[in-house]
Amino acid sequence: MKQKKDVMQGTLALMILKTLDVLGPLHGYGIARRIEQISRDLLAVNQGTLYPVLLKLEQEGAIASEWGASDNNRKARFYRLTKDGRKLLHAETRNWEQTAAIIGRFFEVKAGDLP
Amino acid sequence: MSSWKRFLARLANFLAPPQKDERLNEEIDQHIALQTAEFLRAGIPPAEARRQALLKFGAVEAIKEDYRAERGLLSLDTLLQDLRFALRMLRKSPGFTAVVILTLALAIGANSAIFSFVYGVLLAPLPYRNASRLVVLNETTPRVGLVSVSYPNFLDWRAQSRSFSQMAYVEQMSFNLAGPGVSRPENIQGDSVSPDFLSLIGVRPFLGRDFQPSEAQPGAPRVLLLSHRLWESHFAADPNVVGRSITLDGNVFVIVGVLPPDYRSLDKMDVMLPIGVWATNNPNAASRSDRGDSTVVGLLAPGCSFAQARAEMQGIAARLAKEYPAANDQFGVRLRPIRGAFVGNLQTEILVLFAAVLFVLLIASANVANLFLVRGAARGKEIALRIAVGASRSRIVRQLLTESFVLAFLGGALGLAFALGGIRLITRLMPHDVLAGATIALNGAVLLFTAGVVLLAALVFGIVPALHSAKWDVQAELKEGGRTVGAGASQNRLRAILAVAEISLALVLLAGAGLMLRSLYRLINVDPGFQPHRVLTMEMYLSSERYSRDPAVLSFWSQVLDGVRALPGVESAALGTNLPLTESHGRTDITIEGMALPKPGSFPHPDVHTITPGYVRTLGMVLQRGRAFTEDDNASAPLVALVNEKLARQYWPSQDPIGKRFMWGRFDPSSPNPPKWVTVVGVVDDTKMYGLANPSRLEVYDPLSQDVNRDMDLVVKSRLDSSSLTAEIRGVVASVDKDEPIFAIATMNEILSDDVASPRLTLLLLGLFSALALILAALGIYGVISYSVAQRTHEIGVRLTLGAQPVDVLRMVLSQGGKIALAGIVVGIVAAFVLTRLMSSLLFSVSAGDPATFAAVAALLALVAVFACYLPARRAMRVDPMVALRYE
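As given, the protein sequences belong to chains A and B, one line each in that order. First residue of the first sequence: 1, per my numbering; consecutive thereafter. First residue of the second sequence: 1, per my numbering; consecutive thereafter.
Bound conformation, chain B alone (with noise of 0.2 Å):
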């Protein structure tokens, strides 16, 4: 009752207007008056009777500190108190406060910004009420790996499986978007899906209605929905679209709803619609064997786990590969929760990075500490009087916490808007799509996560020295010409630790950026098989009615040919599918003239390009053996085809090539027809197909007019710059059908750069973090070395004097200096080993222990560290004795 009757007379005192002590200084010097005129009266002398009463009464200021504490809330009271104090001090030594705040921002910006990514692309939940339970399922092959579902095996994984409640298909598609009403065709991107897809994930369409069971059968009627984003830019967020009608491909759709705005796919998609229309007139739909483009999302039954799933997938698609070998021979299943199909590769870098970024903070908060304790080092006077005259330790501790926390918070502020910068270049730098659409940005979790480091920060760098500062002995400290020698043994012994701490730190950061550069540097040296420089590429799809018969498409495809090559500045031109190091790709099985028969799952698989004459040339790919194609090479003439280095190898080891025959497919030895032979003509290098740090595999070309395709890339090698050249290509284009859009434009250069972005950004910041790691670590050996001449200017005075030469001077600071760079290369080199192998992952030709990285970035610390101790070394050999000497 009365601690409660205590607790509101102090709140309402803290909540009062600020007051003075006047009560109880008139009540002091009433007492201090009573007190003095008794020793009066027992015949003490004034002066010394109000000596005597004011040591009676005690510390007067202890005992005002006691009641002001007792009046209001001692916390926030003494807090506000100590943050006034706090900010003066700061202002009175400008210099110290603004490399603390700098060096602080720099390293909570770093966090900040490489959290956000944390944040954004790991942990923030996705947009799907099952997103738990979810789960992304692939086929597998060990000729490919990961590759899609085909459509009558998933029925049967859905049918037969009973550890998912729920399964649906999702099959990509493209489209063209023309007709009227559209200013430019384009085309855009289109996921195919069961009806209950969106039900199964739990996403309920932002406008009208979700798909009908009955949508799932061929035949069913052209509705789609549309992505929220088409949705904005086609039909400018039009609130009534339900019920509009959309062109594509030259066939008109019904719009029945749009998505929400935070739907994420893991490929870019504007339209939805429902499986049946993709499976209408399609034989892929029926075909087992055909693996268009698919992933099937399934939602784990309640109370079953995802191991559970994966082994009872895994008995299905063995039954299946063993029910239909000829589809499915060697075919397995993969099961991948859904956060990790949005992740994919991401996740090793962004945790070394986050990793990385830590790693800064350490190093920046023992730097800071380290200022702390030598500005600790020179206030220990004034902090020995304060606690003379009453402040208690823990008061003192405080104080200098709340110094620290200012710094920090200061530190945090400058640092939230080096991450705004930081997260925008990062974002510009990161290859597109890579990101999958997830959100990075200042939120409330990276806010949050900022406050927790700075408060981390503040502690790691604020409690060390104020714990120091409080064990200050008084007696010493006030002494006439007390200088710091007492506290400097076991001061000079920590500050000495975290020079260690910080330069083994740098050394793991250094290590884990000198091994991704040179494993950048061996990838980019990696020949791609092709000459990038001065080749556009666009993609072409010819997907109308128009273009339902072979005629119409080869003339439309000679006629662009034509056109383009007649462009002034054209050096080249041609046609050609699935392009290296684009996401396209096209494999089948072939079957060796005189091979023996392997079982259907291990037939050849090889890559197959279809292109037309001048391909070879316009890429710059070495034609080894043979040649390349022409226009003889017609549909009335034999069927040729060019084979790879690696395929001719081998097939065909030892052996010429030249004229040697394969057949599409695999040979059937029961069937009627004679096979029909394909005669390789030519052998070209080997291209990079899926990333340059990948291993090349088999390929095949065959000419365009013997086997037609209506999707191609036009790649043109060119004097234009590629804008203008796209432009003059538009118009090309639009002169043969004004209904065809270009689209996915690119110069080879860039398609090459994209390839490697991922690392090199990784590189790009690795090295920026441990480029300040390595600058802090200087300076922290720096302050340690040049504070320890400072204090040892009179001990270097009396050396020189007695003999020492300088030279002797400069090598015991070197010596002292190189033993704490040496202990930190050490400890850092142990920890990198260790710390390397999570990147392991990322590294391309290169070891996470190499040992050459490894000595090297030893060797620059090292070399680092002696630059750092040598400045205040010659300051050390300069030392005037005479001059040294007088001080004392």
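With the rest of the complex left out, here is chain A (with noise of 0.2 Å):
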């Protein structure tokens, strides 16, 4: 049960990181949205578990936020990538490729495949 959360916790992070890093900075609302159009129904029911994550990648630097003005003239926290959560990013995202690529081989094989 715990390790599925981090799991997910791991991989949300992951998205929150490719999202800035490809849209510059945003709003928790904003984040989200776009995780939601790429995920689908990832966080179709449960937008607020991005907040502690965003807080968890806040303080340890991946990430920096600052009050701005939003689309509807309020005041929105604005989140955007530090040079240390570039670079955590490019880790984790060889890292993930490497998993992935691993796994995917496992799902490939057959039993008969085997020698």
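If you're looking for bench data, these hints aren't it; they were derived computationally from the structure. Keep in mind it's a predicted model, so treat the numbers as computed, not measured. Even glycine gets a Cβ: it sits at the ideal position worked out from N, Cα and C. Keep in mind that the hints are not guaranteed to be accurate.
Label-pair restraints from in silico Cβ distances [claimed, not checked]:
hint, chain 1, residue 1, chain 2, residue 2, range
1, A, 94, B, 12, 28 to 34 Å
2, A, 97, B, 385, 44 to 50 Å
3, A, 14, B, 125, 58 to 64 Å
With the hints as a guide, bring the two chains together.
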């Protein structure tokens, strides 16, 4: 149960970093919308779970935040990627690709393929 | 790296003043507003748009919880929150809180108090650097048991043993402290020791010097070390005391040092002197068969075990017995680790009491767990609601555990106050000297133990209900009119098991207390062989040069006796030695006229009392045959003696012992001197010399005028109260010799009562603890039954409507309680049967499995349990069917 949540959080963190990398500074709602668009239903009922992850990334120094004005001219907190965050994103991306590749190969292997 | 940064950020947030959730709140507001706007654009009506947005955002409280956890240091932050909440909950139900805290405080207080004795007596390090390698050695003989060691035997032990790197002799002496500067003469205790004794045990003088090797030889100069206590009381803690002098028995001793304040000795000790002083002009020091009042302490050689040392010493003792049969026939050696010598018989009593208080703690915890389960049922709705709004189950468990810990902590704090009072009470009730200098206090070790007990209790009574509560079925709980029936079955089973456990533990305690009660009852009904009422005793010891000749001694004694007998209110007065039930004793071999001469170690070896006329009457002993001593039995008259019944029966069975003769010591056919026969003129009852629980020994009484003694006990029967009589007697003695102290002042009733003080105290405490256990167990079963009745009100109403009679309801409820009680009693009896064996050494003429005691405590417990069930059962009988049914 706990592990599943950790995996989810890790995935979410990577998505946030990638979103900020592609789109530049965004507020929480913007990030949520973007993730929703791409992942379809990952955040369909639980957009709020984004915020603890944002705070974690900020406390780790991967992202920074400051108040700014949103589209409707209300105060909003904008998040942007830091230098450390960019490094983290690259490292995590490589990691992810490796993991995905390995897992993928495992799924392709059939019993008959083994020597 | 980043996790380190994260930790720093969290730490900073945690240390910063408490943050409100402002930032998150603003972000959430903004988020919802943006999402609502989006839905509005999509054409959804405003109210619905906001509702959808909120739904999409998810459980706000749960997210806030995660956010806070991420922001600060989760554990401490939520702990404070939990703590505040727990205190609020406990304030809301003061009755529950008070009952729980009081229950725990009693149990924890009892544990801390008893543990302070466990620590002080059994665990606290002895104040000797070499404590773990110190062994106390004594001689043993089958006729007596443990006895002192003769000095020549000690010298041989030391010379021949390889398992001990050092061995020292310790001889107990007593001195009269009088002379210039002493306002009232007194008697003090001294240890004469081998000069290397202190270095052997690993103690250095607090002031001054240790003894020197030359001070082992007879003729050594009179020097001594003061105990720290005597230094403070008699020398005002003078830092320049070294070189000053003190007068003991009329001899001047030079003070060469002071012992450290934490020095502990097996018996009371005021001064320590080198063995050479004791050996000077002392024939005992050269006699192999004279075993004064001594022990030997050895330091195990490196790499040598206790068992090796024992084996070697037994070999040496066997050789010495063969080599010197006259002195050593049938004498062996016994070794004890020094801790064992200090603890003595106390160990079993303390451990039994410790087990008892642990049981009380378990019962109290089970009881509190039961209370928690009841309350948990009542709080089911609240908890279900909190789970529904997003509290995780682990969060609920933590919250409930926090409440348990707060309660346990408060109980522990109050318990320490109880413990403080308990320790004072117990030490006051303890027979003096039994602690041998052990310090009993609420020290660090006891506080640490208490903390452990608090944690243990909180876990025991907290975890079960907490896990149970967190398993709540939210759906069932929140349903309209949801009753707690769903959770009921497994809950009730758990609570019944707890009640069974409480009853069985209580039964074990009651069985222990019952056995002690029977044992003590038998003990105090033992005939001590004398009448203790209105008899005052005190000791005098004519140790100075002035009394080196017999006529001076006899003149002193007769002047004192005449003076005391002349006091108004005195009915009779006499002198004697080795009073019953005191520590003092004097034994010697005798030879019965005409007996077949046994081996040296098997001669009759009676206790000897030297007495004056009037002793038998003053102590109220029964003269079975013949006559008591008169003033005519003097030095020029034929030698006479009284013997006790046991001796008469053993050596003159079915004969008249009056007129029979014996001689002191062993008859030696080769001796040119004719034996000096002593004629038996009377037979008296056996008296208890070595404790009421121990069998009587052989006893012989001889007249003081035929066997002059300088150390005598005065016994006085009077109508006066003991303190004013003591003052009068002090005046009489001072008028004869102002330098002679009177000491060891006690009434015979006090001596008798001291003898049973230890079992009496054990019984008192065990009784107290088992009463507590009984009350708690009764409350436990009462709680289970009364809760179950409350739950089943509806069902009972239905039954009554359908024609059940109230008496059927009563039977139903009582049988439910009866099953619990029966199970508890059966389990308890089995457990008690196993456990009471461990206390069999504390019991006197009662077996550890005494069926009468077991039956009585089982019946008592059953009665209490039935009564505890009867109250709720009566309530069940009076259920009004209409009311019960309308409720639903």
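C-beta pair residue 97 of chain A, residue 385 of chain B: status relative to the range 44 to 50 Å that was hinted:
46 Å, holds
Holds or violated: the 58 to 64 Å window for the beta-carbon distance between residue 14 of chain A and residue 125 of chain B?
60 Å, holds
Lying within 28 to 34 Å: is that true of the beta-carbon distance residue 94 of chain A to residue 12 of chain B?
The hinted range 28 to 34 Å holds for residue 94 of chain A and residue 12 of chain B, with Cβ atoms some 32 Å apart.
Against the hints set out earlier in the document, no violation occurs for any number.
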